[in-house]
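Peer 1: This is what each chain is made of:
There are 2 protein chains.
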Amino acid sequence: MKNILVIGAGRSTVYLIDYLLNNAAAHQWNITVADMDLQLAKSKTGAHPNAKAISFDINNAAQREAEIKNADLVISMLPAFMHGEVAKDCVRFGKHMATASYVSDLMKELDAEAKSKDIILMNEIGLDPGIDHASALKVIDEIHHKGGKIHTFKSFCGGLVAPESNDNPWGYKFSWNPRNVILAGQGTAQFLENGKIKFIPYNRIYSQTETIEVAGHGQFDAYANRDSIGYKDIYNLSDVKTMLRGTLRMPGYCIAWNSFVKLGLTDDSWKIHGSEKMTWAQLIDAFLPEGPGNMEQRMKEFLGKDASEDVLSKLKWLGIYEATPIPLKDATPAQILQDLLEKKWLLRETDKDMIVMQHYFGYTLDGKEKAIISSLVVKGQDQIHTAMAKTVGLPLAITVKNILNGKITSSGVQIPTTKNIYEDLLTELESFDVKFEEQEISL
Amino acid sequence: MKNILVIGAGRSTVYLIDYLLNNAAAHQWNITVADMDLQLAKSKTGAHPNAKAISFDINNAAQREAEIKNADLVISMLPAFMHGEVAKDCVRFGKHMATASYVSDLMKELDAEAKSKDIILMNEIGLDPGIDHASALKVIDEIHHKGGKIHTFKSFCGGLVAPESNDNPWGYKFSWNPRNVILAGQGTAQFLENGKIKFIPYNRIYSQTETIEVAGHGQFDAYANRDSIGYKDIYNLSDVKTMLRGTLRMPGYCIAWNSFVKLGLTDDSWKIHGSEKMTWAQLIDAFLPEGPGNMEQRMKEFLGKDASEDVLSKLKWLGIYEATPIPLKDATPAQILQDLLEKKWLLRETDKDMIVMQHYFGYTLDGKEKAIISSLVVKGQDQIHTAMAKTVGLPLAITVKNILNGKITSSGVQIPTTKNIYEDLLTELESFDVKFEEQEISL
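Top to bottom, those sequences are chains A and B. For what it's worth, the working numbering labels the leading residue of the first sequence as 2, then goes sequentially. For what it's worth, the working numbering labels the leading residue of the second sequence as 2, then goes sequentially.
Here chain A stands alone, though its shape is the one from the complex (with noise of 0.2 angstroms):
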């Protein structure tokens, strides 16, 4: 028997703890789930004869330890700043880890230890970052073993709402963490364009956007990710001239968006001594400029040349002008905004959610030019069914598997790049009806 430790058990574990308890029988595991919430793990491991659920602190290092010691391998599903003791103790204790994070610093000086030990440190083994790096690098090793040159890649992801249950003006309902939506652009943007390094910072993310078309299901927003020019090496694109990472949302969404940074709505480093003393109405109208008439009118102003009809419906709709007391105390901006779209934005029980990524490969073969546009939409069955969960999830439990039967051998710090990886995860995820659509053209 093989012992699979899951610490955390939030709302992206669903379809990966699922996945672990079907198949624990055939490949003779025990999965523990370990949460903070017992009765939250308990929900998710149920009466399966091979699971168990407990009560979990990860800042108690004994328990912590004697768990990890007791497993042959650790999924962290804790937020990322909190694998750091975990991964210590895996590699301590040569164990095998796998998370749906990115690569940290701390994981990078583990990879000597972890490479010695023989045990694989397995990151960004989720949506995104996970199933872009696999599919993305099919599609590039496929080109480069058919002699071609990679000139542009564009790789965008969204996780939205499906049109069924798009019923706000906004096109958007939380499917994951809603403090990473309200906060998501901050910093600068690095890309290339043309073969010239461009930045694009967070004061115009939001307005200095493209628009992307999915056959079948129309246009995006699309803005830049943080940094695209890192993945250059990791995506062996030596030739690239063009490489941009980026998000979709519903067209529209980021032009409105954009009012809230101008407004200055998300910024979570200050505190608004008092904020619980204050309606919405009033908060608007402190950050709104002074100016004739009301408050709709002065938004409008304010806005100037994106004061469209339909950003200022989006506006109205969340009741940013209404005499709403706010319900926190002393609060940053950023969490007054999250508090409000939290209700606003709420994926209602039978909503769908549904997640969009598009990859562009831009290259030269024999002389010719040629593009693949590769895609994947996958759309969710409920609140709890989400497709954000199930790609997060499925990702992570498909690898583990592959590890402890022995498909992937490599050790070290290791992302979904590599044929070993990616290859039998793609297989195997089309079998959940997560498949990319790819579409060869000759320009």
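For the record, the hints were derived by calculation from the structure and aren't laboratory data. Please note that a few of the clues may not be correct.
Treat identical chains as interchangeable: a pair holds within one or across any two.
[Unchecked claim] Listed next, the in silico DSSO-like pairs over lysine-lysine satisfying Cα-Cα at most 30 angstroms (straight line):
1) Lys301 to Lys197
2) Lys197 to Lys330
3) Lys272 to Lys155
4) Lys306 to Lys317
5) Lys317 to Lys301
6) Lys89 to Lys272
7) Lys369 to Lys139
8) Lys109 to Lys70
9) Lys118 to Lys70
10) Lys233 to Lys330
11) Lys330 to Lys242
12) Lys345 to Lys197
13) Lys109 to Lys278
14) Lys344 to Lys380
15) Lys272 to Lys242
16) Lys371 to Lys139
17) Lys301 to Lys242
18) Lys278 to Lys233
19) Lys242 to Lys317
20) Lys436 to Lys371
21) Lys150 to Lys278
This one's a predicted model, so the numbers in the text were calculated from it and none came from an experiment.
Based on the hints, put chain B in the right spot on chain A.
Peer 2: Just chain B now, with coordinates in the frame of chain A:
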């Protein structure tokens, strides 16, 4: 004999130390000027019989303690974040302390102990903060004494270049720490306007400005300082409805500077990997969106309605479109911009700087609307004898004298908002031609 220890002998100390030396014999002071750079300290003390210069390392605890023990009063001219150890030792050994910096949280924590030992921790006793407090409170106290109710208080200050030395299109040269100029305005400004709290985030602090007229000196741009509301209680302005503190720049400076904010060039939070391999032209190209035309045309398109001839010529004058190599390795955008501006905005040997300060007090007295405008303009003599060094150094020096001669008997953390501190200070400053002009208006 009383011993005064001056820690730090940088460029804002020239008037401070000269005043202390000139008054040393009459008041029986021994002056010790302590700096990392012994030659710099020596250049300030000269061969004065009551003064000595020492090489001093603030992080050498033994030396720091010995020197502070030996002093009756310590003046810290270090950067603000370095006052902590000095303040702790001053309180421990029962010595007075004076700085021109804002009261820090650490300083507040030392208040009770300082009071119990009957020593004063005198802060914010330079120009801004310093003279601004003293001169504002003088008028506020007078209006209150007459029974007036102040509803409006606006206060502006700028360290500028004198018109006779103003030979660049920005109307700006560095008379103090350039880094502070580059990063100025970051955060969110908070103030009161017509009884309402108002916020201005960094992305529009240089566009949401106002124009201030100073009689005989023309107009200036004014942008809001970070926290004006915090001064409501400190200034005893319980009835105030409009309260704003701001910074002055020459007309046209702010909207031109806003170009750098929009581009992302004032960002100090991330490093441009390989900046030493780029030219200025490439840097601007990286921050400008792609588009038709040369870089000047793209800048014009980018700035939109703000792209006046004046703004465009200011930018061009800096040479930002030229293929000048960037001399800094892996630097932040703000560091790269500072490096350029330090060359372009150098205060030359015979240049004169200029301090402009203006307060506006709107009040009701005997049922009538009145206003007082109180203005200060101080010009420097040259690159060394700047108005900045004069107006930062003299308030410190004069107040130190008044502490040591027993005119000021307050203890604990103080700023110059009380009559026992500001009255003698403002009177003596007038003998140095640092004199406010007051204008009364009946509305």
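Peer 1: Give the relationship of lysine 301 and lysine 242 under a CA distance limit of 30 angstroms: within one copy only, between copies only, both, or neither.
Peer 2: between (40 angstroms within a copy, 26 angstroms between copies)
Peer 1: Go through the copies and call it for lysine 89 and lysine 272: within, between, both or neither, with a Cα cutoff of 30 angstroms.
Peer 2: between (35 angstroms within a copy, 29 angstroms between copies)
Peer 1: Checking lysine 109 and lysine 70: alpha-carbon separation at most 30 angstroms within a copy, between copies, both or neither?
Peer 2: Classified as within: same-chain Cα gap 22 angstroms, cross-chain 49 angstroms, threshold 30 angstroms.
Peer 1: Is the C-alpha distance from lysine 272 to lysine 242 at most 30 angstroms within one copy, between copies, in both cases, or in neither?
Peer 2: between (42 angstroms within a copy, 22 angstroms between copies)
Peer 1: Is the C-alpha distance from lysine 330 to lysine 242 at most 30 angstroms within one copy, between copies, in both cases, or in neither?
Peer 2: Answer is between; shortest inter-copy Cα gap is 24 angstroms, intra-copy 49 angstroms.
Peer 1: Pop the pair lysine 197 and lysine 330 into one bin, within, between, both or neither, using alpha-carbon distances up to 30 angstroms.
Peer 2: between (46 angstroms within a copy, 19 angstroms between copies)
Peer 1: Is it within, between, both or neither when you check lysine 317 against lysine 301 at 30 angstroms Cα-Cα?
Peer 2: Only inside one copy: lysine 317 and lysine 301 sit 11 angstroms apart there, 33 angstroms across copies, limit 30 angstroms.
Peer 1: Within a copy, between copies, both or neither: which one fits lysine 109 and lysine 278 at a CA-CA cutoff of 30 angstroms?
Peer 2: between (46 angstroms within a copy, 27 angstroms between copies)
Peer 1: Pop the pair lysine 233 and lysine 330 into one bin, within, between, both or neither, using alpha-carbon distances up to 30 angstroms.
Peer 2: between (44 angstroms within a copy, 21 angstroms between copies)
Peer 1: 30 angstroms Cα cut-off: does lysine 436 pair with lysine 371 within a copy, between copies, both or neither?
Peer 2: Within one copy only: 22 angstroms inside a chain, 75 angstroms across chains, cut-off 30 angstroms.
Peer 1: Checking lysine 150 and lysine 278: alpha-carbon separation at most 30 angstroms within a copy, between copies, both or neither?
Peer 2: between (60 angstroms within a copy, 26 angstroms between copies)
Peer 1: What label fits lysine 242 with lysine 317 when the C-alpha limit is 30 angstroms: within, between, both, or neither?
Peer 2: Answer is between; shortest inter-copy Cα gap is 29 angstroms, intra-copy 42 angstroms.
Against the hints set out earlier in the document, no violation occurs for any number.
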